[in-house]
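Peer 1: These protein sequences, in sequence, are chains A and B. When we follow our numbering, the leftmost residue of the first sequence carries the number 1, and every step to the right adds one. When we follow our numbering, the leftmost residue of the second sequence carries the number 1001, and every step to the right adds one.
Quick caveat, the hints were computed from the structure, so don't treat them as lab data. Ideal Cβ positions, reconstructed from N, Cα and C, are used throughout, including at glycine. It cannot be assumed that every hint is accurate.
Stated by the list, open to error - So the derived list for chain A, only partly shown, Cβ under 10 angstroms to chain B, looks like this:
no., residue
1, Leu-17
2, Tyr-18
3, Ile-56
4, Leu-61
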Amino acid sequence: MNDTMPTDDPLGRELSLYDARKQEWSRYYLNQFVVIGGNQVEGFHPDYESAFKAGIQAFGLKQQFLIKQICVTEPVYVVY
Amino acid sequence: MDQRVVLKTSPDELQQQGPILKVLIGHTPDELEEAQSLGFEFPESRLFNALIDTGAAVTIINPQLAETYKLRYTGMEQITAVGHTDKYRGYAAAISFPDRNLRGFDIVRIIACPLASPVMSCLIGRDILRHWELIYNGESGAVTILDLRR
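Just chain A, with the same shape it has in the complex (with noise of 0.2 angstroms):
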């Protein structure tokens, strides 16, 4: 499957910049979620509820910011 996201999504913009920075991200912040908003990249947490809060102290209602896990591989979630 194809790792990027589709190009309709609001947030194209935020997932461009992470899939240009994957890569490097990988080596230094696996696992770890990044938040971008924009072209600004906040920082990276070490689980989705303190991105989130960071993301809303640094970015607001207004603006929207992605959330992603950084991995290798996406993570696939199964729903039996």
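For this one, chain A is given, so just place chain B on it according to the hints.
Peer 2: Quick look at chain B alone, frame taken from chain A:
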């Protein structure tokens, strides 16, 4: 505080429907605080049926709910359901259980993925269950939940 909750139904109902909880899905406390400071209001949520689903790796909600309540989109996730893999939107939300003495979750990532049952709006997945101990007693029709968080 010992957060032990017993969901009591009949053995037949438990077999037919599975363990069901009423949940309130809304915005996180951080969003509500920010919204209040901006004089902004989110649509008010209401109680929905949620199935405790040990077969779901993550918590799932009906996509319509995520749109209706204007939950915060934070990125796509890949889900395999019924043998089919696709990408679905992930949202940040708070989940609470107002009619039960059970501690809620302030920030949970939930995935908006169509559900097979029209009466079920949410599957409580193993991302939440990792904080609980569950005892399923099919003979008595009771499911006991113990919140393990300190």
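Peer 1: Under 10 angstroms, Cβ to Cβ, is where A:Ile-56 needs to be relative to chain B, so tell me if that hint holds or is violated.
Peer 2: This hint holds: A:Ile-56 lies near chain B, its Cβ roughly 5 angstroms from the closest one there, short of 10 angstroms.
Peer 1: Should the interface hint for A:Leu-17 be scored as holding, given a Cβ-Cβ cut-off of 10 angstroms against chain B?
Peer 2: 12 angstroms, violated
Peer 1: Classify the hint on A:Leu-61 as holds or violated, based on whether any CB of chain B lies nearer than 10 angstroms to its CB.
Peer 2: Since the shortest Cβ distance to chain B is 5 angstroms, the answer is holds.
Peer 1: When the nearest CB of chain B is found for A:Tyr-18, is that gap smaller than 10 angstroms?
Peer 2: Constraint on A:Tyr-18 satisfied, holds at 9 angstroms.
In the structure shown, a violation is registered for the earlier hint numbered 1 alone.
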